[in-house]
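> Read top to bottom, the protein sequences are chains A and B. Numbers 10 to 190, taken from my numbering, label the letters of the first sequence in order. Numbers 21 to 450, taken from my numbering, label the letters of the second sequence in order.
The hints are simulated quantities; they were obtained by calculation from the structure and are not laboratory data. Glycine included, C-beta positions come from ideal geometry on N, C-alpha and C. Among the hints, a few may not be true.
What the hints assert, rightly or not - If you anchor each label on the Cβ, the simulated ranges turn out as follows: (1) A:Tyr89 / B:Thr213: 27 to 37 Å; (2) B:Lys363 / A:Tyr89: 51 to 61 Å; (3) A:Tyr92 / B:Ser217: 51 to 61 Å; (4) A:Gly154 / B:His305: 26 to 36 Å; (5) A:Gln117 / B:Arg191: 28 to 38 Å; (6) A:Val161 / B:Ser217: 49 to 59 Å; (7) A:Val189 / B:Ala70: 51 to 61 Å; (8) B:Arg416 / A:Arg121: 41 to 51 Å; (9) B:Lys363 / A:Gly154: 24 to 34 Å; (10) A:Thr85 / B:Lys319: 43 to 53 Å; (11) B:His305 / A:Tyr92: 14 to 24 Å; (12) A:Asp74 / B:Glu349: 52 to 62 Å.
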Amino acid sequence: MKKVLSLSATITLSLLLMIGCSSTPTTEGGAEVSEQSTGAASEMGAEGSEASTSAASQGEEWYGDPLENPNSLLATRVIYFDYDQSLVRSDYLEVIQAHADYLAANPQAVVRLEGHADERGTREYNLGLGENRANSVRSLMMAQGVADNQMVVVSYGEERPSAFDNTDEAMALNRRVELVY
Amino acid sequence: MKKIVLMLLVFLACHSAVKAELTIEITEGVEGALPIAVVPFGTPGRGQPAVDLAEVINADLQRSGRFKTIPRADMLSRPTSDREVEFKDWRALGVENLVVGQVESTGAGTYQVQFQLLDVYRGQQLTGYSIPTTASNLRNTAHRIADIIYESLLGIPGAFSTRVAYITSTRLADGKSRLGLNVADADGHNPETIVTSSEPLMSPAWSPDGMKIAYVSFEGGQSAVYVQGVYTGKRQKVTSFKGINGAPAWSPDGRKLALTLSKGGNPDIYIYDMRNRKLQQITNHYSIDTEPAWSPDGKSLVFTSDRGGRPQIYRVSAFGGKAQRVTFENSYNARASFSPDGKLLTFVTQDEGNYRIAVQDLKTGVMQVLSQGRLDESPSFAPNGSMIIYGAKAGRRGVLAAVSTDGRVRQRLALQEGDVREPDWSPFKK
Numbered sequence: 010m011k012k013v014l015s016l017s018a019t020i021t022l023s024l025l026l027m028i029g030c031s032s033t034p035t036t037e038g039g040a041e042v043s044e045q046s047t048g049a050a051s052e053m054g055a056e057g058s059e060a061s062t063s064a065a066s067q068g069e070e071w072y073g074d075p076l077e078n079p080n081s082l083l084a085t086r087v088i089y090f091d092y093d094q095s096l097v098r099s100d101y102l103e104v105i106q107a108h109a110d111y112l113a114a115n116p117q118a119v120v121r122l123e124g125h126a127d128e129r130g131t132r133e134y135n136l137g138l139g140e141n142r143a144n145s146v147r148s149l150m151m152a153q154g155v156a157d158n159q160m161v162v163v164s165y166g167e168e169r170p171s172a173f174d175n176t177d178e179a180m181a182l183n184r185r186v187e188l189v190y
Numbered sequence: 021m022k023k024i025v026l027m028l029l030v031f032l033a034c035h036s037a038v039k040a041e042l043t044i045e046i047t048e049g050v051e052g053a054l055p056i057a058v059v060p061f062g063t064p065g066r067g068q069p070a071v072d073l074a075e076v077i078n079a080d081l082q083r084s085g086r087f088k089t090i091p092r093a094d095m096l097s098r099p100t101s102d103r104e105v106e107f108k109d110w111r112a113l114g115v116e117n118l119v120v121g122q123v124e125s126t127g128a129g130t131y132q133v134q135f136q137l138l139d140v141y142r143g144q145q146l147t148g149y150s151i152p153t154t155a156s157n158l159r160n161t162a163h164r165i166a167d168i169i170y171e172s173l174l175g176i177p178g179a180f181s182t183r184v185a186y187i188t189s190t191r192l193a194d195g196k197s198r199l200g201l202n203v204a205d206a207d208g209h210n211p212e213t214i215v216t217s218s219e220p221l222m223s224p225a226w227s228p229d230g231m232k233i234a235y236v237s238f239e240g241g242q243s244a245v246y247v248q249g250v251y252t253g254k255r256q257k258v259t260s261f262k263g264i265n266g267a268p269a270w271s272p273d274g275r276k277l278a279l280t281l282s283k284g285g286n287p288d289i290y291i292y293d294m295r296n297r298k299l300q301q302i303t304n305h306y307s308i309d310t311e312p313a314w315s316p317d318g319k320s321l322v323f324t325s326d327r328g329g330r331p332q333i334y335r336v337s338a339f340g341g342k343a344q345r346v347t348f349e350n351s352y353n354a355r356a357s358f359s360p361d362g363k364l365l366t367f368v369t370q371d372e373g374n375y376r377i378a379v380q381d382l383k384t385g386v387m388q389v390l391s392q393g394r395l396d397e398s399p400s401f402a403p404n405g406s407m408i409i410y411g412a413k414a415g416r417r418g419v420l421a422a423v424s425t426d427g428r429v430r431q432r433l434a435l436q437e438g439d440v441r442e443p444d445w446s447p448f449k450k
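Given only the sequences and the hints, what does the whole structure look like? Please build it.
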């Protein structure tokens, strides 16, 4: 959630800057400022005047489907795993929490959890490994209140790589669970 | 070991460009291979055959690594029957055995093929046959002759007139893949695609009568096991339970399929009876249990399980019960299958960071690593037990390779384009 806060602060800053300027900056200009000043933004945002508050909240709100919000944790749809491991790394717990919250709040939504493995090892064993990975994500989501029928687990093993090199980096990109809504 | 690198670019000039042929490369041969000369067959009468039978026989024998074949340019004469043979000329070349024969046209597209296998030192015939055939079967007739020669000189049946099933994957311009399940002659000729899909295809397995292939297809977004008639194209969906439907393996009597299902929450081994469609659960463990294979007597199964932490091979009765661990040597051993005589297992082992093909003697427990690749997988015994075909990587590309069971002969079979993998060697033709 910290990321979201600092982001809204960033938007506050850019809006303040825009207000401060008498000219009408283009949207690209505004985006550029917000990108460059991310670090310093939170303090200024926190001290923001009452007058700018309403403008800020307008900026941070997402009116579309939360799944479409590129700044949301829900935008992270791939969870990566260590070699021959199906335990979810702790750095992904926040992402899984966000997806679980979304699914719990939208009981009609269904997600496909597609498990994958890198090319090392045998194909059918990797099918099992991919399924274990998808099931790890599923268990965490269930613990957060997501209904069983909102998740479909499919393992593709090593059959659908997302990276085709045989480097360690490529193999790391292939050890994954994709969340497909 | 002496390294013979011999490229046999096998393609028929009349073949359409669509059919990508396999290239066979013999990378290592055996010292003390039997010197043999296969003389070009005589073609009396009208209607010249489109296939050079002696060339096909020569390539088969050469490819096995058990024979040293004599180039045609070295032949002083070209006899087509024993009556024309000057044995002393062949002795001078160091040839121990000689194959002579004729292909005679007997009508529209039919032929009579005669051949004799001769012992050069004794000056006598070892075997000889007269075989009727057709234009479209000439290559197969040549493979059958090579089988007969192999058996009469080495004492075990040849496996040249068999086929290989394999998976191909081609990446298309739009980033999608086109998968194919193919069958080809054991020398890579006559490839035919029997299934195509935009979704993954896996784990082809010949039925014991060589008429059907079981495989895994992800069409429809989920895995299912299918059985398809190789020569009819008709197919049947065998299982499509929730979760994994994988690793089909035929029982030796062809009535049952062992397979992996995860419908119980994790992958376990089941046996599906093709006649009454009943399912019997063989393993029940929270680990990954997969890749079952039957012993030739049908009494037991081996399978991969990581119940001990890492994947290893276990053996269990075909009626279920307690599983016994079989492999102990390396930290990763998977996808085992039995040799036709039931004495050896071949499987994938992790050998100093590489995945390689190994054999293990079931009696002594001694394991031997046979292949030399980085990512070798899917080993499958030839029906005569002489060779193991497997999937390997050449750079990023999948290729097929074969190694003799004693590790002394190596071959590489590469399709001209795309990725080739998961070979399964057919049984003998019935």
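> Looking at the structure, which of the earlier hints fail to hold?
2, 3, 6, 8, 9
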